[in-house]
Every structure is written in C-alpha cells, then in structure tokens.
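Okay, here's what each chain looks like letter by letter:
Protein chains: 2
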Amino acid sequence: MPTAILNDYLRRAIERKDYQAVLQFLEEFQAVDLAELLQTVPVDAARELLMYLPVVQRASVFGHLPVDWQSQLTTAMTDKEVSQLLRHLDADEGADLLHVLPENRHDRVLRKIAHAEREALRRLASYEEGTAGAIMTSDYMTVPAEITVGKALDVIRKSAPNAELIYQIYTVDAQYRLIGTLSLRELIMNKPEARIKDVMTTEMVKTKLSAKQEDAAKLISRYDLLSLPVVDDDERLVGIITYDDAMDVAEAEATEDMHKGATIGPLAGNFRDARLFTLYRKRIVWLLLLVFGNLISGAGIAYYENIIAAYVVLVFFLPLLIGSGGNAGSQAATLVVRGIATGDVTISDWRKLLLKEIAVASGLGLTMAAAVSLIGAYRGGFDIAWVVALSMICIVMIGSLVGLCLPFILNRLGWDPATASAPLVTTLADASGVLIYFWIAAWILHLPAP
Amino acid sequence: MPTAILNDYLRRAIERKDYQAVLQFLEEFQAVDLAELLQTVPVDAARELLMYLPVVQRASVFGHLPVDWQSQLTTAMTDKEVSQLLRHLDADEGADLLHVLPENRHDRVLRKIAHAEREALRRLASYEEGTAGAIMTSDYMTVPAEITVGKALDVIRKSAPNAELIYQIYTVDAQYRLIGTLSLRELIMNKPEARIKDVMTTEMVKTKLSAKQEDAAKLISRYDLLSLPVVDDDERLVGIITYDDAMDVAEAEATEDMHKGATIGPLAGNFRDARLFTLYRKRIVWLLLLVFGNLISGAGIAYYENIIAAYVVLVFFLPLLIGSGGNAGSQAATLVVRGIATGDVTISDWRKLLLKEIAVASGLGLTMAAAVSLIGAYRGGFDIAWVVALSMICIVMIGSLVGLCLPFILNRLGWDPATASAPLVTTLADASGVLIYFWIAAWILHLPAP
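Protein chains in written order, with the numbering used here: chain A, 1027 to 1476; chain B, 1027 to 1476.
Source of the hints: derived by calculation from the structure; they are not laboratory data.
For clarity, every value in this text was computed on a predicted model and none was experimentally measured.
The beta-carbon is built from N, C-alpha and C at its ideal position, and this holds for glycine as well.
All clues stand as given, with none of them false.
With beta-carbon atoms standing in for the labels, derived distance ranges:
1. B:H1141 - A:A1047: 47 to 57 Å
2. A:E1074 - B:E1229: 17 to 27 Å
3. A:R1134 - B:P1218: 36 to 46 Å
4. A:E1074 - B:D1274: 37 to 47 Å
5. A:T1101 - B:R1113: 54 to 64 Å
6. B:H1141 - A:D1260: 53 to 63 Å
Working from the sequences, and respecting the hints, build out all of it.
Next comes the structure, spelled out in structure tokens:
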C-alpha cells in the first residue's frame, strides 16, 4: 500500500482544502484498497477522507473496514451521517453496522430512514451470529411467475440499482413462498414472449434461516451458485446469501479451524491487529488445560522411576518415542478434521478410515522402528534396540488411532471435531507413550514392576 | 446420498432397459450430486448410467468426477465418446481431461474436434499446474469497444451458450490486449444507444498467466470479482478465472496448508479415498525427519544424566515443561502461517509481531509458571518449585519465539512458511526446552555441570 504517497501528496491536498485533487486521488482506488489505506492514518484523518467521497463510494469503502474502525468512525460521525451510510450500505453490511452502534443510537439513526428499509434492517440485524440469517442480504431480485421474459428484463433493469446481485432471480407465490429461480443468463437467452413460469427451475438448492453459515457457504461452493436463497420455517423467501460473502465465510471458517487445531480460541478480527490481552486470553486456556494432561506423562515417568534409575539410557529415547506418537496422531487428526470440514469425510466413514489407519500406521511404525532400532543398538545394545523398536510400533499405532478417533468421538459428544488439536492429540499420545514404553521396557529387561 | 434407492429402483430400470425411467430418475439430481452417486457403483455401471444422460448433462456430471474416475471411465469409452465429452466440457475441464488421457489417445481424440477448439484446448492444457493459466477457461465473452450497448446485448445473447460466464464482459484492442471491462449489470442498466467504450471501466484487476493459482483466487475474493482476466506477457487477454474455480482453489489451498501444518505432504485427491501407500508416503518423510530432531532432546537428556540421577523428581516435570513450550510455539506458528496465507500478515510485519509475541508470551509464561510452581512445591519443595517456574517462563518464551520467527525465516529462505508445522516447532521447542530446564536446574540446585 502506497502509504508514503498518501502521507505526502494527499496530506498537502487536504491541507490546502483542494477537494478536487483529493477526490481524484481517492477515486483511483478500489474500495477494498481504500479501506486498507484509511487504516494507516489516524481515525480523524480517515473520517475526513471518507467524507470527501461521494456517498455511494463512501458506503462501499466503509463496508470493507473492520468492526473496530467502523465503531470509531461512527462515534465521530453525526446521526445524519451514519443514517446516510446505512441507507447506502448493502443490507447485510447495514445490519452489521447496527451491531456496531451503541443501543442508544439505534433509534435516532434509524428514524432518519424510510420505514420499509428500517424494518428490513432491524430484522436482518436480529438473526443470531453464525447463522445463514446473519450473513444474508434482503436486497435480492424477485419477478412474478406469470409475466414474460421481456417484461421481467424491464423489471430487473428498473430494480437493478437496489439489488445486491441481479444474476439470479427468484419467483415467489402470494404467500411469498419460494417457487422458482432462473439466472439472468437463462433469461436473456429465452424469447422475450416466453413466460417466466415456463422457463424457471423449480428444483433448487436453498437453506433455512437458522442453518449454520459455514453450511450455507458449503452449498454455494458445492453447487457453484451465485446466490443461495434463504427461507423461513414456512418456506417464505427472506433473503439471499451471495457468493462473495460465502467466500469470506469459507476463509474465516478455515482460519478458525486452523487456530483451533493449534488450541487458539476464535479471534474476531485480524491476528496482526489483535490486542495483547485478547491474544493472551485466546491462548492461555488450552495451554493450562494441557499442563494437566502432561501431568499424566509426568506421573507415568515418576511411577517408573526405579526403571529409569536402573537404565538411565532409556530416557535418551523418551522424547523420540513419545514425540513420534504425537506426530503420527496429529497427522491422523488433521486429515480427519479437515476431511469433515470440507465434507470429504462423513461421520459414517469412521469404520473404513479406522481400518485404513491401522494399515498405514503399521507401515509408519515398522519403518520408524527400523530406523530407531539401529540407534538403540548403538547406544544400549540388543535389548534396548528391541525395547525401542517394539515401543515405537505400539506408540505410533496408539497415537495414530487416538488422532483418528478423537474427532469422531468429539463430534459424537456434540463438540466441534476441530477441538482435536495437534497439541491435545500430542498430549494424549505422550501420556500413553510413556506408559507403553516403560511397560515394554520392564517386560523385556525383566525389571520388577514398580 | 440415496445409494440404496439407486441400487434398487435404478438397477431394475436399467435391467429392463427402461431408458425413460432411468433418465427421469437421473434428471432429478444436480450434476455434482449425480457425480457423487456414480462413485458408489462399479465403473462399468457408472459408464452406462453416464451414457444414458444427454451429452450436455453428461459433460457436466463428468466434470465433477475426481481424476481417477475420469481416467477409468475414459479408458472404457471409445475415442468418439471421449471427443464428444471434450466438446461439451467447459474449456478448463476439457484441458484437465487431456491431462488424464494417455498421450497416445490425445491426437486420435482431438482430431474429431474443430480446429479452433482443438488448439484452444491444447494451449490450455499446456500451462503449468498450479498457475493461473492452468485453472483459467478460454470460454469468456468479449465485445468490441466501438459498438453500442444494445448491439453488445445481441452479441452476448448469441454467444452465451458457448461462454462459461457472461456476467463480466471484456473488450480488447486489435492486438487482443485487454482494454476494458463491464458487467452485464452495468450493460443492462445503460441506455441501448450508449457506446461500450464510454461505459466500460479501464481500471481493472487482472493477473498474469504464470501467477500462482492461490494468488489469483485471493484477488477474486478480495475484490469480490465474478471473473478475473488472465493476460500474457504482452498484456493480451488469454482467459478468465471464474469465481467458482477460485472457491475450489481457496479450499484446496487451505487443506494443503492444514496438512502441511501437521507434516502431511500434499494429497492430490480426497483423503477418504486416498490409497494406503500414498498416505504412507505423504506421512513418513517428516515423521522420520522429526525423529532426528528428537534425538537432540534425547542427547540433551543423556548429557544431564547425572542431574537426573541426583534429582529423579525433575523427570516428572519434563513432559509438562517441554510440552508447554511446544504448544505455545505451535500457537504462534499457526497464527503467523495462516495470517500470511490470508494476507492479513505480511513479511514486513515481523518486527511488530515479534514485540507483541514477547509481551503475550511473557503473560502466558508467568501464568503457567504460577500454576506449575504449586505442583513443584508440592512434589519437590521450594527449590524445585523455583526451578520449574523459571524454566516454564523461559521455555514458553523460547517456544513462542521459535514459532513466531520460523515461518518468516522459512519464507526468507524461499520455502513455504506453512512448513513451520506444529510438530516441527514442537520438536525444536522440546530440544531447547530440555537444555534450558536442566541448565536452570543445575544452576539453582548447585549441581556440577556434567
């Protein structure tokens, strides 16, 4: 981002109140780039720059700003300025802005907006975060089923300025129940005198208001849709989710899953700009929980203290063995968690995958046992090599199976399978690895049980 | 998927050669669902079912099949059947099919296709995997800049059946250099007598043929595009990448990054259906590499054998301490790796993030030191509590900094930052953790250096 240019050329233009020069400069940017640029200057300057823009472009840029910036900027704006923004934002972004405003400003700001629009915004803002309702827009395009294609094109031409997406058109009955859909492409390829009801599709993919946003996004991606209609419990059309919002949801979900996979709680914004205390809070919970998991490993080691005292060389192989179990387990857990998230793996696949994992883990365990038995023989002789090799096979197998099964078990318990993070699997594999290792050592080396 | 229904109703319809019944059944499905259904029956039956479909729908279903199914099905098809498919597939899918066919069939199959189409397919198939060229389609829509909006609509209406996406229209000059773009929405909202060159946008987002596919997908997501034009080194328009392909690329990239984050090599297909040996091969490499990393930890422990012999209680805290360093490090690495992948973090942010991580890791280390010092005091008295607490602070700090810096360092070396996997960070943190722990123990407990 050309921050330097901004600070130089633009600042001077602002100082001499050269409205034309500022506008000309700003207009060269795409809205999303301008939003990024604004975040590099102080809030006051950002607000001033925003106000230079014509209101349509201003709303477009504002819609790309993160929540905390929206909050700071609106605090510095008058009610009139905010309601002007609200009117020009896409309906779904407008609803998000209502969430950002303090309760006591809602009424003052909404009062300046036309009744129908106000009610639509209120309704959109009322859906629970994370649902299809919360990410849909009410600016979609409907045409009556009875009119002709030619007439429908006229309708679309007239309403286009108010719709977020005009490439997928819906038809509803008198009760506003969704009955059909057709694309603008199909529309313009048909004869102008054809009736909509004869050319529309009645088989269509749709979702419920209360569906999870990631499931709605998955439908859009699976069926290559431009928009997904959202219906209420009475099958009435209440909104659409557009492909670009689905992309954002898919990206945010993937980020959340990756963070979960490393025991980090969901971050609302961007990691780079997250506050110190937020980062601390999102990370400390699992770190502390895992300490208690690791106490089991510690207790296992303490229990076998006499074996360690007799064969201190065994400790040399401890990190290597339990580490390998944790690593193989993390691999298996990640494959399953991501598979479930993308829909490639379903819960009913667990049996098939378990058998496959046993086969793959056997291969992994045998290869690694071969590698470490040489080191074992070198450092501790034949007996130690035998202990280390056998332990490796068992530990890799147990680690892999823990990694494979944990996401399915968590899902069964109604939890997010992504909670089966690499550190959690590693901790469980470590604890079982310690017990397996010393138990095998005691057995092969003919040591008395502690 | 209603596999049971397929096996029952459909099989009977096929057996009695009731073409109508089969077709009626198949037509109720969306192409992607039908492709999934086909994968539940033997290849021969799948081929037969596919052949029941009209060729347009057949191509659409075929395009949704995974590569190994495409390969098996085309092996069972005649050259004529394959070239018929090729003609009806979207250009980018057709190019992918050419990759699937054995070399010696290329010419035979392509000979049955019109010259222009054949050359377009050959060219598309020639771009390197993973580049913008490899995922673009040549079925895009151009109109001359000189014609009117009304005339352009006629052109679009006529060419719509051959274009993959008609909602974004491009204009090129005599040398086929990209000079402007406008959306179908803008087109129908303008007066029919307006000239294209007066209503089109000349500022546009585009990409090069050789750009990475994930970077192209990021542009589509960032600018909410329906399609991204791809130009060659002379700025000539050679294709477009559509939003739906960008969604697929983004999903595949996120999967690859998650797998890398757990030391799994890139899998071409779906994890559930991957072959045993493929899974083994993608997992064993890093598992073996990490064994050698863990040898450092083992060597560290062996080096301090006399300290362990003197204070066996120290081993109790070993998994807990080094585990915590690894976990905090995995968190930091994951935050950075995902941040770089989404573009939220850029390489130049490293200094800012380093300072933040020092602050956050201090908080994490202090909290965890407080927790474990109580356990330390309980099991080993004041001195041990002191050793454990101080070690925890240092280990969490070192682990976090390793996790934070590793992706930046890897990137600097020209490697993928996602190689900074949780297991790699854990292994590095373990090794340094062992050394830190025993060094601090030797110092506080006044033990002689080994």
